[in-house]
Amino acid sequence: MYSNLSNFSEDINNSFIIIFSIISFFLIAITITIIVFVVKYREKKNPVPTPIKGSVWLEIVWTVIPLGLVIGMFYYGWMAWIPMLSDAPDDAIEVKTTARMWSWLFEYENGKKTDTLYVPEGKPVELQMTSPDVLHSLYIPAYRIKRDIVPGRTTNIWFEPRKTGEYDLFCAEYCGLQHAYMITEVKVLTQEEFDKWYIDTTAVAERAATPGAEGLQILRMNGCVACHSLDGSKLVGPSYKGIWGHEVEVETNGDKRTLIVDEEYVRNSIYKPDDDIVVGYTKGLMRSYEGELTDEEVDKIITYLKTLSDKKE
Amino acid sequence: MDNSNLPSYLEYKGKYKGIFAWIFSTDHKRIGLLYLYSIMAMFLVAALLGLLMKTELIAPGKTIMEAKAYNAVFTLHGITMIFLVVVPGIPAILGNFFLPIMIGAKDVFYPRLNLLSWWLYIIGAIVAISSQFMGTGSPDTGWTFYAPYSFKTQSNILPALIGAFILGFSSILTGLNFIVTMHRMRAPGMKWLKMPLFPWTLYGTAWIQLLATPVVGITLLMVVAEKVLNIGFFDPTLGGDPILYQHLFWIYSHPAVYIMILPAMGVISEVIPTFAKKEIFGYNAIVLSTMLIAFVGYFVWGHHMFTAGMSETSLFAFSFLTFIVAIPSAIKIFNWLATLYKGSIMLRTPMYWAVSFLFVFMIGGLTGMVLGALATNVHLHDTAFVVAHFHFIVFGGLGFAFFAGIHYWFPKIFGRMYDEAWANTGWIIFFMGFLTLYFPMFLLGIQGMPRRYYDYVPEFHSTNIISSFGAFIMIAGLIVIIINLFRSAKKGEKAPKSPWGGKTLEWTIPSPPPLENFEEIPEIK
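Quick mapping for you: the protein sequence lines, in order, are chains A and B.
For what it's worth, the numbering used here labels the leading residue of the first sequence as 1, then goes sequentially.
For what it's worth, the numbering used here labels the leading residue of the second sequence as 1001, then goes sequentially.
Keep in mind that the hints were calculated from the coordinates and are not lab data.
Everything numeric in this text was worked out from a predicted model, so none of it was measured.
Check each hint, because a few of them may be wrong.
Footprint (simulated), chain B over chain A, 3 or more residues, beta carbon under 8 Å [unchecked claim]:
{"id": "1", "stretch": "13-20"}
{"id": "2", "stretch": "77-89"}
Here are the simulated EDC-like pairs of lysine to aspartate or glutamate, each with C-alpha atoms no more than 16 Å apart in a straight line [as the list claims (entries may be wrong)]:
{"id": "3", "chain 1": "B", "residue 1": "K1494", "chain 2": "B", "residue 2": "E1420"}
{"id": "4", "chain 1": "A", "residue 1": "K272", "chain 2": "A", "residue 2": "E292"}
{"id": "5", "chain 1": "A", "residue 1": "K53", "chain 2": "B", "residue 2": "E1279"}
{"id": "6", "chain 1": "A", "residue 1": "K163", "chain 2": "A", "residue 2": "E121"}
{"id": "7", "chain 1": "A", "residue 1": "K311", "chain 2": "A", "residue 2": "E247"}
{"id": "8", "chain 1": "A", "residue 1": "K241", "chain 2": "A", "residue 2": "D231"}
{"id": "9", "chain 1": "B", "residue 1": "K1277", "chain 2": "A", "residue 2": "E263"}
{"id": "10", "chain 1": "A", "residue 1": "K234", "chain 2": "B", "residue 2": "E1066"}
{"id": "11", "chain 1": "B", "residue 1": "K1342", "chain 2": "B", "residue 2": "E1279"}
{"id": "12", "chain 1": "A", "residue 1": "K123", "chain 2": "A", "residue 2": "D91"}
{"id": "13", "chain 1": "A", "residue 1": "K256", "chain 2": "A", "residue 2": "D276"}
{"id": "14", "chain 1": "A", "residue 1": "K256", "chain 2": "A", "residue 2": "D231"}
{"id": "15", "chain 1": "A", "residue 1": "K306", "chain 2": "A", "residue 2": "D274"}
{"id": "16", "chain 1": "A", "residue 1": "K311", "chain 2": "A", "residue 2": "D262"}
{"id": "17", "chain 1": "B", "residue 1": "K1342", "chain 2": "A", "residue 2": "E43"}
{"id": "18", "chain 1": "B", "residue 1": "K1152", "chain 2": "A", "residue 2": "D133"}
{"id": "19", "chain 1": "B", "residue 1": "K1013", "chain 2": "B", "residue 2": "E1516"}
{"id": "20", "chain 1": "B", "residue 1": "K1152", "chain 2": "A", "residue 2": "D274"}
Quick reminder that beta carbons are idealized off the backbone N, C-alpha and C, glycines included.
All chains should be built: construct the whole structure from the sequences, respecting the hints.
Structure (structure tokens):
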């Protein structure tokens, strides 16, 4: 078992211990009784059975005692769960969380966006979660928390990390092809480190100076690379590597045609992904990013695509 | 009442010949065997799919298949196992064969409706499985068809939904038939509280089939309407609510768990007294608990949705009722235990299965407590722990009870004995494989491994290896069991009328029974 890594985990771990103790006791006691009976009353040793019809008294005993115990277990489960239900404290850091097929995006109050959740130690964090496509579920096993994310509504979850370190963050609700890869990490920093990270914009400045670096950042933040690889390997969609300026065979309205990957094609594929489907890939998997990615951002993506190809124009 | 000179139901010649003498037969025993062969075929296919999944998970990353194939495999495994194997399962096979005999009747009340149920089963199965071979690819939604992914996916889920819809009717008609049969055809003198326990559990099950199955039928039709006509019930882009789908789905699919487990409890309630040479302890308590499970089982569906977003009041009520529904099952366990007390226990193959059933069923039930409690559920929901829990209940409970039942009644069905040494060997290999396969999955769930994961982080690796290893052992045991039974049905020694000294009516007629079971309807004193 984990030590107490979040504000909820101590109570929840105690519920686990109480419930597991009760059920283990029953399992072991009944199993031993079965074995004793089967050995003691086996045919050879006890050739003549003793007829017994039943006993109202015993029926009452083994109804009432388990009833008391299950109500006890219910109570511990309920009590440890109440704090999770409560609203986050007012001083909680609010992080807008987007779960989408098949990546995570965390947006902070100052506009900073990441695909890994950075949080400070000892401070409550509230995630306001939405999904643009299907059901997902945010699950941090170390913190004992999980909450489904439902398209069309915002769900909230909060926690307070108690120890610095890196912890797994999974999607727990099946969401299609790359479900198992919709994972990231919670990085718990000290308050000092977090403050430094939070206001740090040098990475952004550096990116602006390198050609294509901003485009790559946009692809990462929007989860594009979950389906389109950068190294030429085939995922759900075609790889970005070496496509710019090259010919590609696509299917348009059921007819096959060949075209050159140019600005018009890239822009249209982002805004209307089902128009031209590269032969060998499936229609309907990608949603439109119209209204999400601006023209300017698409330009930056194109600049990046050029760096991945031998053709530059 | 000696009718041993009549031809048995296996030899009887009707107006049809060859295979038609079977697929057009309205004899409840032949229909029972039709179900036995078709369900076993489905079971073996789905078990093989399960083995493929465990092989894939033996190491992180790609082992034998791509993610797309894996998602299709777990979906088909789930659909086949749930809709084609465990829901019809014991009622359709053992229930059809033994219900009329155990209550002293010559057949079910509507024999032709009974045949229609089997045909609907076959048609539903063909439609559901056709989704694999036609259109845009195998369904990849999981057997739950959760919205809105089931609308988003390009895979071919319509035939699977329609297949499940048709199978629902097969289930409803079987339930209806059994209810009427038990109301109208009990032998003279067999009062309700003299009816054996296996028919009693079929009675409880039949009511669930009749009342709950239409809900899933309607839900599946709504999904079809939404997919085809774009009516927004569940898809938020059309103004629907995905959570509504989950409610409707589990209003059926949770009681369906009791469709699976009640008849299993019925089989165990027959096997244990026979092999302890005693009357069952607390007959009335077992009957009462059966009906309580059937009733309370309707009101606990919400525990599948503790993390989905429900009001505090609903969560309180669903969690509480989930704990309450455990009580009747506990009562049964204690009564079975008390039946063993001061018995004279014959350790034969069916009894090995029944005793191991008690063990695995207890693990399944008790781990349900961990999932029923809210705080612990939040951590374990949608993890491998849940998968382990319901495999202990469904496969451990129903599967072990089915094998207990088939080894118990085999001599009656085929008129021949099986090789007990081989049967026991198969049992111990299967039992050990079962525990090695599913127990580690509890640990994986506690560690935090989500279910339906094609790939996983390295810290889950060692536990997965043990689990996958167990799958191979279990399948080896299964092969031994099935080959032994298959061989014995043709070549086994001739079985006597009552090889175990059972007290119910089926042991008073020849093995295998004649066409109409009883020459004269027996009278119960």
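Verification of the hints:
1. Check on the stretch 13-20 of chain A: 4 of its residues sit with their Cβ under 8 Å from a Cβ of chain B, so the three-residue criterion for coverage holds.
2. Only when three residues or more bring their CB closer than 8 Å to a CB of chain B does the claim for the stretch 77-89 of chain A stand; here the count is 7, and the claim holds.
3. The hinted pair formed by K1494/B and E1420/B meets the criterion: a straight-line CA distance of about 14 Å does not exceed 16 Å.
4. About 13 Å separates the Cα atoms of K272/A and E292/A, which keeps this hinted pair within 16 Å; it holds.
5. With a C-alpha separation of about 7 Å, the suggested pairing of K53/A with E1279/B holds against the 16 Å cut-off.
6. At roughly 6 Å between alpha-carbon atoms, K163/A and E121/A fall within 16 Å of each other, so this suggested pair holds.
7. Note on K311/A and E247/A: the hinted pairing holds, with a Cα-Cα distance of about 11 Å set against a maximum of 16 Å.
8. For the hint linking K241/A to D231/A, the alpha-carbon distance of about 6 Å falls within 16 Å, and the restraint holds.
9. Of the supplied pair hints, the one linking K1277/B and E263/A is violated, its CA atoms being roughly 84 Å apart against a limit of 16 Å.
10. The straight-line distance between the Cα atoms of K234/A and E1066/B is roughly 12 Å, inside the 16 Å bound, and the hint therefore holds.
11. For a cut-off of 16 Å, the pair hint linking K1342/B to E1279/B stands: about 11 Å separates their Cα positions.
12. A distance of roughly 8 Å separates the Cα atoms of K123/A and D91/A; the hinted pair therefore holds under the 16 Å criterion.
13. Between K256/A and D276/A, the direct Cα distance comes to roughly 9 Å. Compliance with the 16 Å bound is thereby established for this hinted pair.
14. Restraint check for K256/A and D231/A: the C-alpha separation of about 26 Å exceeds 16 Å, so the hint is violated.
15. Annotation: proposed proximity of K306/A to D274/A is violated, straight-line Cα distance about 23 Å (limit 16 Å).
16. Taking the CA atoms of K311/A and D262/A, the gap is about 11 Å. The hint holds against a cut of 16 Å.
17. Of the pairs offered as hints, the one joining K1342/B and E43/A holds, with about 10 Å between alpha carbons and a cut-off of 16 Å not exceeded.
18. At most 16 Å may separate the alpha-carbon atoms for a hinted pair to count; K1152/B and D133/A meet this at roughly 8 Å.
19. The hinted pair formed by K1013/B and E1516/B meets the criterion: a straight-line CA distance of about 13 Å does not exceed 16 Å.
20. Taking the CA atoms of K1152/B and D274/A, the gap is near 13 Å; set against the 16 Å cutoff, the hint holds.
Comparing the model with each earlier hint shows violations of hints 9, 14 and 15; every other hint is respected.
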